[in-house]
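Visitor: Using the sequences and the accompanying hints, generate a full structural model.
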Amino acid sequence: MAVAQAKQDALAARLAGLSLPQGGWSAPARADAQARLASMGLPGKRDEYWRYTDPTTLTAAQPTPAALFDAGDETPLFDGIDRVRLVFVDGVFDPTQSDDPAAAGVEFLSAGADIHWAQGLYGVLEARGQTPVARPLAALNTAAATEGVLIHVTGRAARPINLIYLHKSESSDAILHHCVKLAPGAELTLLENGPAAARFNKVLEVEVADGARFHHIRAQGRDHERRAVTHIFARLGAGSLFKSFTLTANGVLTRNEAVLELTGDDAVAHVAGAAVGDGDFHHDDTVFVTHAAERCESRQVFKKVLKNGAVGVFQGKILVQPGAQKTDGYQISQSLLLDETSQFLAKPELEIYADDVKCSHGSTSGAIDETALYYLRSRGVPLRQAQSLLVLAFLAEAIGEIEDEAIAEDIRARLEAWLGRHGG
Amino acid sequence: MLEINNLHVKLEEDDKVILKGVNLTVEAGKVHAIMGPNGSGKSTLSYVLSGRDGYEVTDGSATLDGVELLEMEPEERAAAGLFLAFQYPVEIPGVGNMTFLRTAVNAQRKARGQEEMSAGEFLKVVREKAKALKIDAEMMKRPVNVGFSGGEKKRNEILQMAMLEPKMCILDETDSGLDVDAMKLVADGVNALRDAGRAFLVITHYQRLLDHIKPDVVHIMADGRIVKTGGPELALEVENNGYADILAEVL
Chain A
315 MAVAQAKQDA
325 LAARLAGLSL
335 PQGGWSAPAR
345 ADAQARLASM
355 GLPGKRDEYW
365 RYTDPTTLTA
375 AQPTPAALFD
385 AGDETPLFDG
395 IDRVRLVFVD
405 GVFDPTQSDD
415 PAAAGVEFLS
425 AGADIHWAQG
435 LYGVLEARGQ
445 TPVARPLAAL
455 NTAAATEGVL
465 IHVTGRAARP
475 INLIYLHKSE
485 SSDAILHHCV
495 KLAPGAELTL
505 LENGPAAARF
515 NKVLEVEVAD
525 GARFHHIRAQ
535 GRDHERRAVT
545 HIFARLGAGS
555 LFKSFTLTAN
565 GVLTRNEAVL
575 ELTGDDAVAH
585 VAGAAVGDGD
595 FHHDDTVFVT
605 HAAERCESRQ
615 VFKKVLKNGA
625 VGVFQGKILV
635 QPGAQKTDGY
645 QISQSLLLDE
655 TSQFLAKPEL
665 EIYADDVKCS
675 HGSTSGAIDE
685 TALYYLRSRG
695 VPLRQAQSLL
705 VLAFLAEAIG
715 EIEDEAIAED
725 IRARLEAWLG
735 RHGG
Chain B
838 MLEINNLHVK
848 LEEDDKVILK
858 GVNLTVEAGK
868 VHAIMGPNGS
878 GKSTLSYVLS
888 GRDGYEVTDG
898 SATLDGVELL
908 EMEPEERAAA
918 GLFLAFQYPV
928 EIPGVGNMTF
938 LRTAVNAQRK
948 ARGQEEMSAG
958 EFLKVVREKA
968 KALKIDAEMM
978 KRPVNVGFSG
988 GEKKRNEILQ
998 MAMLEPKMCI
1008 LDETDSGLDV
1018 DAMKLVADGV
1028 NALRDAGRAF
1038 LVITHYQRLL
1048 DHIKPDVVHI
1058 MADGRIVKTG
1068 GPELALEVEN
1078 NGYADILAEV
1088 L
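One line per chain: the protein sequences are A and B, in this order. Just add 314 to wherever you are in the first sequence, counting from 1, and you've got our numbering. Just add 837 to wherever you are in the second sequence, counting from 1, and you've got our numbering.
None of these hints come from the bench; they were simulated from the model. You may find that some hints are simply not true.
What follows is a set of in silico ranges between Cβ atoms, one per label pair, in the way DEER data are often shown [claimed, not checked]:
1) A:Ile682 <-> B:Asn842: 32 to 40 angstroms
2) B:Leu960 <-> A:Asp642: 33 to 41 angstroms
3) B:Lys853 <-> A:Thr655: 29 to 37 angstroms
Negatives, chain B to chain A, calculated, CB over 10 angstroms [to be verified]:
4) Asn843
5) Lys853
6) Leu861
7) Arg889
8) Phe937
9) Asp973
10) Ala1059
11) Thr1066
Note that the coordinates shown come from a computational prediction; the quantities given were computed from them, not determined experimentally. No residue lacks a Cβ here, since even glycine has one placed at the ideal position from N, Cα and C.
Guide: Here is the structure:
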């Protein structure tokens, strides 16, 4: 299919601003990605998949500068958790601020080698995820990523790995691509936090082999003006588990895509998000879950709290392929609109080609429950505190998707701090 | 303790006048009961006193120990010592009962300039009070009133009252939906709180509750006013003859 001239021009301009890595084991995958990209073009606002989110600033040749957020003397997220810290500053790995990656079995995309295990993963799941819906910004990432971690877990990882993304330059444009491969029965918790850059394009590819377990918790940083487009591509083997939770507080534009494929029987995939936005905030969760095996369970739990004109988007799909019997699919997307100016746009979709499945979905928008608010206040809880309690209660189902209680508590504390700053 | 003078209230939405000049004085250490037919304004009185939205006070005043209540936010009234046990306790999914109670207790202490209760001390006190009301640990962990039976909800209200130690307690049809045993439990909980420094206003349809919580004074409310006041015998008269005779006499 011919790509419109305007899209070609936009793509050429975008690529001209990048210095594409050359050579090494990832070269064929990058070349393939570039070919995919050429056939798709960059997304435009008339594309159906970008109907609710304008991709212009994500595809522009240059990033829009973003002011840095001063967290003051606030304790860094996940600080109380024994973890391996790997710090990226504006998308560049900083060994001086990091723990020893080699000791934790972490390798880097930039490491020069002609042959690497990650060849079987880098760009592979991304390419699979391009149908039935094109995801050009993920292909761009595969072609142009300058850095990323490669983690091959063969047992139970002793400590979580924490990727910390610092944003220090107002005009940074970071492209990171991570690959995680869990061997049969392996287990890993991956933590990610921080804004990363003025504009951040990140892909995470995760291969979860039979019986393996992957936990992913991230917080996207509170820099008001940052922009981010992220993709998670995961493929799940039999009896495996994948759980991903994302906290988004602030950020002028965020598009988080998750493309999950349950290919082995009895696999479990949960993806959840809590987003809180005040003012110039546009947050888009786009999820595509494919059930391709029997007796698998998937859950999508997305909650958004919006005020002062903030916009939330949810596009979620469950595709049940022929033969994927006894599928248990669940999808809920809800927004709490704290005023009349905020907006929530939801497009839940089910596409089912098996006859013995259980799939449910729901989507709601609502205001804070005035009766509950009055009840709390009648017990002496001040208005703002009562509102915060109810907002946290609204988000509880999403936060409940985090299995580790200490991590969940950290996320809750971060939300409380945000609510404290943003008046309930 | 509680002084209500010539209180006139209408619904904000449709201009409907509900209270048409309520006069009532409740002294410290006393239990007053209000009875009255449906629609007489009993629940409205309790909501207006506790500060619920949707009502407009067009005339009159209500003071607690001389301080005007009607100007205050609901949380300020609570901190001043007013407590309403709801006829229909509100379910709050996602907020744990224990978290809720502790937040409320500490918010009130803070408002009064007292130190917050430590987690350990709070737990000790709440366990003891919950036990007396036969509220088990499981109920404390659950979200506020979610999945509670009618009786459990009402006992939970009394537990909140016991923890918050208000000086003016209003009980709005706390007996509705309770079986005999549950009513006894709730009444015991209330009686345990009776104290020279504390007053109660018990709104009820039935004499039953008043067998367990013995009132000092009984008021009959009709058409937005207190139309008759008497001793405990007045409640018995209502129980035996209904409201018709009393209303015919006063209206």
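Visitor: Does each hint hold? Answer for all of them.
Guide: Checked hints:
no.	hint	result
1	A:Ile682 <-> B:Asn842: 32 to 40 angstroms	34 angstroms, holds
2	B:Leu960 <-> A:Asp642: 33 to 41 angstroms	38 angstroms, holds
3	B:Lys853 <-> A:Thr655: 29 to 37 angstroms	32 angstroms, holds
4	Asn843	24 angstroms, holds
5	Lys853	20 angstroms, holds
6	Leu861	20 angstroms, holds
7	Arg889	5 angstroms, violated
8	Phe937	7 angstroms, violated
9	Asp973	21 angstroms, holds
10	Ala1059	26 angstroms, holds
11	Thr1066	27 angstroms, holds
The structure fails hints 7 and 8 (numbered hints given earlier, in ascending order).
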